[in-house]
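**Student:** Residue numbers (the numbering used here), protein chains in the order written: chain A, 1 to 309; chain B, 1 to 213.
Please note that the accuracy of each hint is not assured.
What the hints assert, rightly or not - One side only, chain B facing chain A, incomplete, derived with CB under 8 Å: (1) R51; (2) E53; (3) G61; (4) G63; (5) D78; (6) R81; (7) P88; (8) G119; (9) R145; (10) N212; (11) W213.
To be verified - So these bits of chain B aren't anywhere near chain A, every CB distance computed over 10 Å: (12) L15; (13) R32; (14) L47; (15) W56; (16) G83; (17) A85; (18) R91; (19) L104; (20) R109; (21) I131; (22) Y148; (23) M160; (24) R162; (25) P163; (26) Q199; (27) K200.
Hints listed in this document are in silico derivations from the structure and should not be mistaken for laboratory results.
Yeah, the Cβ is synthetic: ideal placement off N, Cα and C, and Gly gets one too.
Here is how the chains run, residue by residue.
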Amino acid sequence: MSITTKALYVIISVIVATIYGLALNGVVRKIYARVHGRFGPPVWQPFIDIIKTHGNNVAISHGIMYYLGPVFRLAGGLGTYLFIPVIFGSVVFSNFSLAGDLLLVMYFIFFGQLGMALGAGEGGHPYSPIGIARGLAQMTTFEVPFALSVIALAIQYNTLNITTIVAAQQGSILNWTLFTNPLAVVAAMISLLGMNMHSPFSIVLAPQEIPIGPPIEMNSSFLATLQTNRGLFGAAKLVLFMNLYFGGAAHANIFVALLIMILKTFIIYMFSVFVGAAYPRFRPEQSMRFFLKWPTLIGIASILFVAYF
Amino acid sequence: MDKKDMKNIEKEMKLANEGLSEKERTLFSDARPTPVRPLNKYVEKFLNWARAESLWILGYGTGCGAIELRPLMTSRYDMFRYGIAPRPSPRQSSVFIIGGYASLKTIKRIVRSYEQMQGPKFVIALGSCTINGGMYYDSYYTINRINYYIPVDIYVAGCMPRPESLIAGFNKLKENIKAGKCDGMNKYAKNFDWYKANQKKIIKDWNMPDYNW
């Protein structure tokens with residue numbers, strides 16, 4: 001494949017994922033509103049918000065690192081997404097999947113947060129470092145069950161390549177990791193709750209106590225970049241989970257395959273949305289203790305299960 | 001015009017920041033706000049539509065009128081369906097609601113928050129107190145006319161105005177933004193000296209930079 005065709009495919013893939021991620025955010029806002037007994041904003045509200053924040057005619061910067069923070073965050077989102085094959089067997093949506101891409105993706109999930117930590121720190125607002133400290137601490141703890149679950153997968157499928165893992169789950173619904181290794185899925189889904197930062201684990205943004213934490217000083221285009229990344233990164237994480245645990249999306253017709261992808265990722269996301277709509281927020285130490293207790297034990301059990309049974 | 005004149009003009013354009021100590025002056029910007037030119041007519045029209053459909057209000061209740069914002073946000077009146085959402089930081093919000101009377105202590109924070117908002121920014125003044133002082137018209141500690149200190153786009157009269165009237169105010173604001181009539185930020189930048197003089201006349205303990213970037 002020529003480099004121009006590949007570039008074109010990657011651009012299509014990124015645009016589709018970003019639009020899907022933002023639309024998903026809009027739907028989720030609507031669902032939260034219905035839970036509260038409201039009508040809620042229109043589904044396309046996130047798009048209007050991004051246009052508006054990009055359209056601001058003044059943008060205050062606090063320095064070079066502040067400028068680079070959102071750039072790193074977007075690079076983290078793009079990096080995560082670009083190494084995940086979105087649709088199994090599709091040329092357009094295969095992205096840059098390669099041997100060992102799972103490790104690279106896990107690194108990129110952390111990368112954006114670190115870049116943002118440096119950038120937001122320069123903003124000078126006292127709430128940013130508090131949010132960053134909470135974010136990095138929580139991230140380190142929910143990475144533990146997720147990493148254990150990935151290790152279980154690596155032992156089970158004998159590979160760290162996402163495409164091979166998806167290929168091994170084809171054929172029947174009973175080949176999905178959900179049924180072949182349920183403990184790893186449970187550990188990973190609990191860590192997804194922390195990753196999505198919905199209610200019990202929303203200590204990083206915490207709108208009522210540390211007004212939205214790290215991005216508090218971000219304005220205009222800086223904020224718009226972060227919002228765009230939220231759509232893309234959110235979609236990337238869900239696609240990763242779909243690939244690893246729920247059999248990926250595979251169909252001869254690419255539009256049917258996209259529909260399968262949308263349906264599966266939507267259901268995966270609804271898990272954290274429903275938990276978020278029903279439970280109040282944890283305090284930082286509660287959240288960290290939570291991840292290091294049961295999910296970690298379940299993660300270890302999943303490795304033992306795969307290795308010895 | 002030679003170089004010396006240019007330097008003098010540049011020096012005059014800088015803000016004195018006299019309220020700050022020598023040491024603090026180095027920490028703050030001394031640049032003046034400048035009016036922003038509109039973009040291409042059609043681009044500006046499109047952006048104005050987006051600005052009108054996505055109003056982020058600064059969550060800062062300045063007076064008793066702020067109590068009306070709670071029913072507005074929750075399920076009874078649900079402002080979210082109009083694309084209006086609260087935002088915790090002035091950096092990210094585009095609408096400032098002056099919630100009723102502003103005391104001398106509050107006006108200082110109002111000015112600070114207003115200047116920190118990124119343009120284009122709009123102000124809704126809620127309640128009679130913001131128009132002529134209302135029931136506090138002869139109070140020694142209450143501002144009578146808020147538009148002496150910051151430019152106001154929409155007034156919502158009443159004591160208290162109900163959430164319905166606030167929604168009506170928001171809809172009027174949307175119409176005005178779409179028509180390109182809400183230019184408070186440029187008005188503030190053009191008449192900066194007048195606004196600053198008014199503010200300094202009443203705020204005696206001025207210990208902040210002349211413009212809070």
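**Student:** Run every hint past the structure and note whether it holds.
**Tutor:** Each hint tested on the structure:
no. : hint : in the structure
1   : R51  : holds, 5 Å
2   : E53  : holds, 5 Å
3   : G61  : violated, 14 Å
4   : G63  : violated, 21 Å
5   : D78  : holds, 4 Å
6   : R81  : holds, 5 Å
7   : P88  : holds, 3 Å
8   : G119 : holds, 4 Å
9   : R145 : violated, 26 Å
10  : N212 : violated, 10 Å
11  : W213 : holds, 6 Å
12  : L15  : holds, 16 Å
13  : R32  : holds, 13 Å
14  : L47  : violated, 4 Å
15  : W56  : violated, 8 Å
16  : G83  : violated, 6 Å
17  : A85  : violated, 7 Å
18  : R91  : violated, 4 Å
19  : L104 : holds, 25 Å
20  : R109 : holds, 15 Å
21  : I131 : holds, 28 Å
22  : Y148 : holds, 23 Å
23  : M160 : holds, 22 Å
24  : R162 : holds, 18 Å
25  : P163 : holds, 13 Å
26  : Q199 : holds, 20 Å
27  : K200 : holds, 23 Å
Hints 3, 4, 9, 10, 14, 15, 16, 17 and 18 from the list above are not met by this structure, while the remaining hints are.
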